[in-house]
Amino acid sequence: MEYEIVIGLEIHSELDTKTKIFCGCSTAFGAEENTQTCPVCLGLPGVLPVLNKKVVEYAVKAGIATNCNIARFSKMDRKNYFYPDLPKAYQISQFDLPICENGSVEIDVDGEKKTIGITRIHIEEDAGKLNHDSTGTYADNNRCGVPLIEIVTEPDMRSAKEARAFAEKIKSILEYTEVSDCKMQEGSLRFDVNLSVRKFGDPLGTRTEMKNLNSFRALERAVEYEAKRQIFEIEQGNKIIQQTRKWDDDKTESYSLRSKEEAHDYRYFPDPDLVPVVLTEEYISNIERHLPKLPWVRKAEYMEKWNLSDYDAEILVASKEIATFFEKTVDVCNDAKSAANWLMGDISATMNEKGISIEEAGFSPEDLGELVNLINKNTISTSIGKQVLKEMFDSGKKPSVIVQEKNLAQMSDAGELKGMVLEVMKANPQSVEDLRSGKEKAIGFLVGQIMRQTKGKANPQMVNELIKECMNEI
Amino acid sequence: MKLTKEDVIYVADLARLEIDENEVDKYVEQLGKILEYEDQLNQIDTTDVLPTAHVLPVKNVLREDVPVPSLDREKALMNAPSQDKGCFKVPKVIE
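Those protein sequences? They're chains A and D, same order as listed. The letter at position 471 of the first sequence is residue 456 when you use the working numbering, and the numbering goes up by one with no holes. Remember, the working numbering sits 2 above the position in the second sequence when you count from 1.
Think of the hints as simulated: they come from the structure by calculation, not from any bench. Worth double-checking, as some hints may not be accurate.
Cross-link-like lysine-lysine pairs, in silico, BS3-like; alpha carbons within 25 angstroms at most [stated by the list, open to error]:
(1) A/K98 / A/K278
(2) D/K77 / A/K3
(3) A/K146 / A/K64
(4) A/K114 / D/K61
(5) A/K3 / D/K61
(6) A/K64 / D/K91
(7) A/K424 / A/K375
(8) A/K168 / A/K236
(9) A/K371 / A/K322
(10) A/K73 / D/K77
(11) A/K322 / A/K362
(12) D/K94 / A/K64
(13) A/K114 / D/K94
(14) A/K424 / A/K403
(15) D/K94 / A/K231
(16) D/K91 / A/K73
Heads up, incomplete: computed chain A residues facing chain D, CB under 10 angstroms, no partners named [claimed, not checked]:
(17) A13
(18) E18
(19) Q21
(20) K39
(21) N65
(22) F67
(23) P72
(24) E109
(25) G113
(26) G121
(27) T122
(28) Y123
(29) N126
(30) Y253
(31) P257
(32) H275
Virtual Cβ for every residue (Gly too), placed ideally from N, Cα, C.
Next up, chain D with everything else stripped away, as it sits in the complex (with noise of 0.2 angstroms):
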């Protein structure tokens, strides 16, 4: 599968990330080359292969129901960019 200019535009808007039109091209041919890249793995014949739901053979790394104390509220709001009214601030949302 090739890569567009549309599918570019459309990750780009996902991911929120403003990019110059005229850089556009760019960006299809350097991701186009990774893609290329990884596709090589589709040549492989995996039948019998499980997908792999995690990189390390580890399972049930579970913690028990036991309440630790939380931040204090000035600490968890001490990296907001804006804050007001004991919660972080943003710019307003209309749904």
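If we strip away everything but chain A, and leave its shape as in the complex, we get (with noise of 0.2 angstroms):
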């Protein structure tokens, strides 16, 4: 391509606390409009905001696994502007020293390792949440105060799939830091996209930004259109002005939210209402100590100790749940190879089928290891295997338990299997002609006869040995 597409993210991130950022009410999700409200939050006259130390931890947790420098005095900003869902008419923020800055992330796109540039990370409050009919604008502010980061990257991306490699690592990382649960259908974790295009070897272009996008489907689409929409403009002799637009993931178009002559003038200033934030050495190094095994820490042990590609391990490490469900898997079975097989196809399908997560499945890790025992001791076959997971799902019963009430064990009295061996064989005598004049493929057919006759019960190895003992016999 004639063009370079330069990408950089915010990414905002609620932080898992019980509480909000600067008041006690709490964060949970989905309760009644305005029942998570005070004084502090509504912005009422005469309260004093006070930091929750979660935050701050948290936001320092995320900035070590982002390789981020630790400032060890940060403060508090307000930045002004008017908006319904804001009911100080100022936002509390960091301005000009945020809690992390200058970090990198690594990311892996088809096979290439990348390093994205960490501008900085931000602690901040949340607005509340409009909603909109033809009789006017509701605001709920319970949102209103939620504690979030906000992560800013260099301009280092270069297409939609780094684009989303990128969000898809720092969610893993908030995860596995249990900085936040990362619940996009929650909008724990939303990204606003700045992107501008260029000709190879050309200053950078002229940016717009596009907000709120909640899933990285919707990411990875916004920035596809938006580079085709700019591309476009250019060759049509036009210049890209510098605005803010809004993805609508429906349509799968954005349009101008504001250009830059109406763009907001904050004037942001220290926030008289609180004080610095100074950390110690032994605070940081503290924090560090303590932090939770990162996604390619776990990564790199699944391909040493348990041999396991680097596109598994890859795929397995994305989720924490993922990972540690099947870790506890293989404490089971340990059978490392089968489980991440289970887990990243009949699981992982079914999963998506139903729209549902792992904790949502209704088995648990030893349910699946025991799964995997049954078949490595031939209790079951693989195929068999498959109807008594779909069991698992659907009734949330042991494996072992399924195998037992619907029959499923698997035969292998040679005595009983022999017997339907040579009927099978007697009754189709042309297959036993084409076998033993070598005909291989011959001896597939015969088994297939005996798998429906048992329904797929038949150990399959057994049946393969009986019917070459019985050609000497027929």
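Fit the two chains together into the complex; they arrive one by one in their own frames, and the hints show the way.
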């Protein structure tokens, strides 16, 4: 392509604290409108905000996990603007002295590694939620004051794939460090995209900003759309106007919200109600020591300890829930390859189909471990295992119970099987002839007949051997 | 830097203040005087002075992450000029 796409991201993540950033109101999602507010988060006169200790801790965790410098001295500032979702008419954020700066995160796109620079991470409060209908706009301030970190990157990404890979990496880092639950359907992780295009070698072009993308798919599609739009404009001889655009994921297009001329003048200044945050070396190194294992550490372990491929390990660690489920399964069955195959294959397919997470699958890692054991001990075949798994999703029963109740255990009684084998061979003399004349394929047909008669329960290996044995008897 | 009419109109707009057009000159003069007075600070050499983050020598005032009861919704909405459906109602905002 003639044009290079230049992308920077701003990622807002709600922190997994029990209370808001400056008051003791609950941050629980889904409460009745305006039942989690108080004079502080409603911005009533005369109140005093006090910073939540956990917010500092979580921001530092996120900073360490993304290789940032942690500020020994940072402060809170007021960002002033009027909007009905912001009762104080200013958002408390950080301006010139953010808590983390100059970090980096490595991404992997189609086997190529690339380092994406992180400009800064700062802490701030979320705004309320607005609902609109024909009669007016309704403000629910439960979300007002929910703690956020905003992660700002350098303009280091060059494609929608890279942007998505980076966003996914950040999600997994925040999950592993338990800084955020990252529930995207609840808005716990939101992306803003800054994008410009240029001919290779040219200086940076004029950028536009797209706000509030709530899924990886929306992020990827918004990048593709906006790059195409800008290239089209330039090809038409038009200039790109610096503006904020809103992505409509249903229509898969973006539209202009405001241009630079009417851009906000936020008049940042230090918040006099809040005092600076000063962190000691001891505080920072203590957090560093207690940081949970990060995804790339676990990935390396999977490859070394269990011989998993780079690809398999990468998929497993992409989600902390899956990685943890996987590890517990291996504890039970001691067969990492099988556990990985089940999780990445049938289980993930069924989860996608049902739109559920592994926690909602209805069975435990111990159950999956038991299923793998049943197969490895030849109690059931792999194809019966798939049936059992389906039943596990549906009923939540233990695999051994399902096998017993549905009488699915593999037939490994040689005497019983031999009778069936002889019968099938007598009924299919042509196949027996073919096999005798060296057509190995014929054996497959005969095995298939037995499997059908036993509804898949015959031990196929044993059937194979029995057919060969019976050739001399027929 | 001299304060201009445009500055006054811009600042009033940022603060969502409606000001009468024939009052603008008065504000230019009054605000101008205040700024001139403050401008004396710029004459001080602050080369080796760190920016002030807070006027008090206090740091790390933090609270534990422990929930406390919130206001009842009726109370939270009590002072709202307009409310409906458990929410603060405002004129329709069009994005």
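Proposed proximity, D/K61 with A/K3 (alpha carbon, max 25 angstroms): Measuring from Cα to Cα gives roughly 23 angstroms; hence the hint holds.
25 angstroms Cα cutoff - pair A/K98, A/K278: holds, 21 angstroms
Per-residue hint verdict: A/P72, partner chain D, C-beta under 10 angstroms: Holds, because the Cβ-Cβ distance from A/P72 to chain D comes to roughly 8 angstroms (cut-off 10 angstroms).
Satisfaction of the A/Y253 interface hint, Cβ to chain D closer than 10 angstroms: violated, 13 angstroms
Pairwise hint evaluation, A/K375 against A/K424, where the allowed Cα distance is 25 angstroms at most: violated, 37 angstroms
Restraint outcome when A/G121 is required to lie within 10 angstroms of chain D by C-beta distance: holds, 5 angstroms
Restraint check for A/K146 with A/K64, where alpha carbons must lie at most 25 angstroms apart: At roughly 33 angstroms apart (the allowed maximum being 25 angstroms), A/K64 and A/K146 break the hint.
Pair hint A/K424 and A/K403, alpha-carbon separation not exceeding 25 angstroms: holds, 22 angstroms
Chain D contact restraint for A/T122 - C-beta distance below 10 angstroms: It holds, given that the least Cβ distance between A/T122 and chain D is near 5 angstroms, below 10 angstroms.
Pair hint outcome, A/K64 versus D/K91 [Cα-Cα no greater than 25 angstroms]: holds, 24 angstroms
Satisfaction of hint between D/K61 and A/K114, Cα-Cα up to 25 angstroms: Violated - the C-alpha atoms of D/K61 and A/K114 are around 32 angstroms apart, more than 25 angstroms.
Straight-line alpha-carbon gap A/K322 to A/K362, limit 25 angstroms: holds, 16 angstroms
Going through the hint list in order, the structure does not satisfy hints 3, 4, 7, 24, 30, 32.
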